[in-house]
Structures are given as C-alpha cells and as structure tokens.
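Chemist: Each chain is listed here by its residues.
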Amino acid sequence: GQQLNQSPQSMFIQEGEDVSMNCTSSSIFNTWLWYKQEPGEGPVLLIALYKAGELTSNGRLTAQFGITRKDSFLNISASIPSDVGIYFCAGQFDYGGSQGNLIFGKGTKLSVKP
Amino acid sequence: DTGVSQNPRHKITKRGQNVTFRCDPISEHNRLYWYRQTLGQGPEFLTYFQNEAQLEKSRLLSDRFSAERPKGSFSTLEIQRTEQGDSAMYLCASVPSLATYEQYFGPGTRLTVT
Numbered sequence: 001g002q003q004l005n006q007s008p009q010s011m012f013i014q015e016g017e018d019v020s021m022n023c024t025s026s027s028i029f030n031t032w033l034w035y036k037q038e039p040g041e042g043p044v045l046l047i048a049l050y051k052a053g054e055l056t057s058n059g060r061l062t063a064q065f066g067i068t069r070k071d072s073f074l075n076i077s078a079s080i081p082s083d084v085g086i087y088f089c090a091g092q093f094d095y096g097g098s099q100g101n102l103i104f105g106k107g108t109k110l111s112v113k114p
Numbered sequence: 115d116t117g118v119s120q121n122p123r124h125k126i127t128k129r130g131q132n133v134t135f136r137c138d139p140i141s142e143h144n145r146l147y148w149y150r151q152t153l154g155q156g157p158e159f160l161t162y163f164q165n166e167a168q169l170e171k172s173r174l175l176s177d178r179f180s181a182e183r184p185k186g187s188f189s190t191l192e193i194q195r196t197e198q199g200d201s202a203m204y205l206c207a208s209v210p211s212l213a214t215y216e217q218y219f220g221p222g223t224r225l226t227v228t
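Chain order of the listed sequences is H and S. Per my numbering, the first sequence starts with residue 1, numbered consecutively. Per my numbering, the second sequence starts with residue 115, numbered consecutively.
None of these hints come from the bench; they were simulated from the model. If you're wondering where the values come from, they're calculated on a predicted model, not measured in any experiment. Any given hint might turn out to be false.
Think about it this way: if two alpha-carbon atoms lie no more than 20 Å apart in a straight line, the pair counts; the simulated EDC-like pairs of lysine to aspartate or glutamate are [as the list claims (entries may be wrong)]:
1) H:K70 to S:E216
2) H:K109 to S:E158
3) H:K36 to S:D177
Which residues of chain H face chain S? A partial, calculated answer using Cβ under 8 Å [as the list claims (entries may be wrong)]:
4) E15
5) G16
6) T31
7) L33
8) L45
9) A52
10) F88
11) N101
12) F104
13) G107
Here are the simulated distance ranges between beta carbons [to be verified]:
14) H:L55 to S:R173: 29 to 39 Å
15) S:N132 to H:E54: 43 to 53 Å
16) H:T68 to S:R173: 35 to 45 Å
17) H:I67 to S:N132: 18 to 28 Å
18) H:E38 to S:R173: 20 to 30 Å
19) S:R173 to H:Y50: 20 to 30 Å
Think of the CB as a built atom: it goes at the ideal place given N, C-alpha and C, for glycine as much as any other residue.
In isolation and in its complexed conformation, chain S is listed as follows (with noise of 0.2 Å):
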C-alpha cells in the first residue's frame, strides 16, 4: 500500500495523558498537512510542514498541540494534557509537490478522552 498511513487508527486516553500520533506521508511527497475532524464537521486545519519546515502552526488550537517532521518524512502530532474536547478525528495529507493543491488523506486517527 503506497498511500498515506496514520498510526494508531484508534486511540482511548484518559484527561490529562499525552498522546503521539504518527503520519507517514506517501513517498516523496513533501508537504505534509494535519487536520482535525469533529463529528458533523469537515476537517479543520491544524498545521502544515513543506520538508522538515513548520510553516503554519498559527492554527493549533492550544500551546498543548505540537508538531514535528525532524527528517522530512514521517510526521507526529503530540497533544499534551488531553481534555475531552480533544476528543475527534485527527487527520493527515500529503502533497507530491508544489505544483498541486491535490491533498491525499491517511485514514485517521480516532481520539477518545475519557
């Protein structure tokens, strides 16, 4: 499978835990994208990295939130201190290149804050 893979697909955490999530984008692609989903919703932006680069994180919703891409490749969400609101879809998308806005999502990740 060459697409873009989201570890783990499920996640159950109690408040106040931190939680890790993994994107490991399509091969070569170099812009990589997160996003939050909540039930009813579309996906919301949370941040972007063009290789190893942040270059949006305005969007985070907290200082909890954070997020790296230390080689360029696989990426990782952390959320700090989780509350029950962060409870949602955590999604991610790779872009081959600059020249296209074409977005490819992994599968997800699902987050339960009990």
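Pulled out of the complex, with its shape left as it was, chain H reads as follows (with noise of 0.2 Å):
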C-alpha cells in the first residue's frame, strides 16, 4: 500500500533558525498537505499543495510539491517557539472517481533546544 517516510523524525531548534523537513513517498500523488498538531488537540492545516512543482508559502512556512510528485518538503523561516509541536506531511490520491482519503507520514516532532 501507499505509504510515506517523513523525515526527520524529531528536530531541536534554537530560536531563529530555520529548519526544513521533507516527506517522501513510493506512490504518485495528486495533493500534498502540511498539518501540524499540539498536544491534546486535531492536526491544523497549514499549507495545501496542488500541482507538480508548485510551490506556496503562507508566513514564514514555505512548502513544495515535488516535479515527481513523490515528495514534498516544508520550510520554517526564523522559528519561533510557538512553532514546536508535530508537523505532518499528508498526502491524497483519487482513485476510481472518488475522493480519496489522506496518507499521513509519521510526523516530525519540532522542540525547543534546552
């Protein structure tokens, strides 16, 4: 079955870096999305990426769709610590006419460097 690799796993950042994550998958998809997650609570959605190659940024987060349209990766610009919590890659694929269901990666865990 379809499935997707995120990496990292789990990253430190120091205030102000940037930091980069990347989602990889062994299927073609149609649609790429970015969610993040807080304890406790549902995945927010980020960004949504609909085409080969596209790329769309929304504040300091910068994301792509990949030309293969097997992976995607996400950006964040001058992390701040509200920006920690679990980020994932998910991506969507139709099949037989109707609207598939979202493939998410594992997740990659975003802390603050102690």
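Join these two chains into a complex; the hints should help.
Modeler: Structure below.
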C-alpha cells in the first residue's frame, strides 16, 4: 500500500533558526498537505499543494510539491518558540472516481533546544 | 466557534463496553472523514461520507466499528465490545466541497479502554 516516509523524526530548534523537513512516497499523489498538531488537539492545516512543482507560502512557512509528485518539503524560517509541535505531511490520491482519503506520515516533532 | 467539534473530548470505558462518539462538521461541509491516531503515528483513515452516503468503509478496523451520518450533518462513530487496543485518539475532519481536498480536523476524542 501507499506509505509516506517523513524525516527527520524529530529535531531541536533554537529561536531564529530555519527548519526543513520532507516527505517521500512510494506512490504518486495528486495533493500534498502539511499539518501541525499540538498535544491533545487535532491537526491544523498549514499549507495545501495541488500541482507538481508548486511552491506555496503561508507566513514563515514555505512548502513545495515535488516534480515527481512523490515528495514534498516544508521550510519554516526564523523559528519562534510557538513553532514547537508535530508536523505531518499528508498525501491524497483519487482513485476510481471517488474522493480519496489522506495518507499521513509519522510526523516530525519540533522541540526547543534546552 | 465555527470549526469542527467532537464530543466527548475524553472517554474512559471498560473493556467490552460500547462507546459512541459524535462529530459536528463545519456548517455546509458535505464530506466528513473519520480517522484514528495512535501514539507516535499519523492519523489513519477509517471511513468517509459524502452527505449522508458512506462511500468508503472498507478501512474500518473490524465489524465492531460502525459510523453513521443520517441527515448529512453530524456523524457518529460507534465501537462495540471495546478492546484495549481500541485506545486511541479518534479524529473527525470535514471538507467544504468536491472542489477541494483540504480537510479540517476537529479536536478529537481520546478513548481509553481499561
């Protein structure tokens, strides 16, 4: 079945640093979405990507839909303490004319350096 | 608050009991999805509805799981004869129309089976 590999699994940030994370798939996706989840809450949509090669920004966040349609990355510039949380990539693929569900990666946990 | 709401937020039950969770999607969102999330994992798709029609249910984890959306508005997810392995966060998401794949999640229901 379709699987998403998300890396890194975890990372520590210092305020002001730029952060990068990525997601790769064994299958092609039509849509890539990036979510952030905080403890005890549901995922919050950050960015949606619909076209191969597309680069989209949302404030300090920038995400790209890979040309092969099998990968995506998310960058956070000038990180701040409230960026901590778990970031999930999710891919969507239509099949058989129905609206497909989302396939999620295992997440990248962002923590603040002690 | 016009976001997706889920009730209860937390449920503790004894093994063998039945539980039911409710999801109220964003108003006029015609697609509704259920996911399960276990610790350290991304959400895992269970089932979805377009209006009142359940269009995909093969991913429901067993025949103990069932979902309804009788009037195309709120939805319920029922787990019969709960097992300890059912302990997880159950998430609901809604989508505004067929023109988008952006899923908006509720805060989830945390189920603990003792």
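Chemist: Compare the structure with each hint and give your call.
Modeler: Tested hints:
1. H:K70 to S:E216: This hinted pair holds, its Cα atoms lying about 19 Å apart.
2. H:K109 to S:E158: Cα-Cα ~18 Å, so holds.
3. H:K36 to S:D177: This hinted pair is violated, its Cα atoms lying about 32 Å apart.
4. E15: The hint is violated - E15 of chain H has no Cβ within 8 Å of chain S, the shortest such distance being about 26 Å.
5. G16: With a minimum Cβ separation of about 29 Å from chain S (threshold 8 Å), the hint on G16 of chain H is violated.
6. T31: holds, 5 Å
7. L33: holds, 7 Å
8. L45: holds, 6 Å
9. A52: violated, 15 Å
10. F88: holds, 5 Å
11. N101: holds, 4 Å
12. F104: OK, holds: F104 of chain H within 8 Å of chain S, min 3 Å.
13. G107: For G107 of chain H, the interface hint holds, since the closest Cβ of chain S sits about 6 Å away, which is under 8 Å.
14. H:L55 to S:R173: 29 to 39 Å: At roughly 32 Å between Cβ atoms, R173 of chain S and L55 of chain H fall inside 29 to 39 Å, so the hint holds.
15. S:N132 to H:E54: 43 to 53 Å: Taking Cβ atoms as reference, N132 of chain S and E54 of chain H lie about 45 Å apart, which means the hint holds.
16. H:T68 to S:R173: 35 to 45 Å: With a Cβ separation near 27 Å, T68 of chain H and R173 of chain S fall outside 35 to 45 Å, so the hint is violated.
17. H:I67 to S:N132: 18 to 28 Å: violated, 49 Å
18. H:E38 to S:R173: 20 to 30 Å: holds, 26 Å
19. S:R173 to H:Y50: 20 to 30 Å: Because 24 Å falls inside the window, the suggested range holds.
Taken one by one, the earlier hints fail for this structure at numbers 3, 4, 5, 9, 16 and 17, listed in ascending order.
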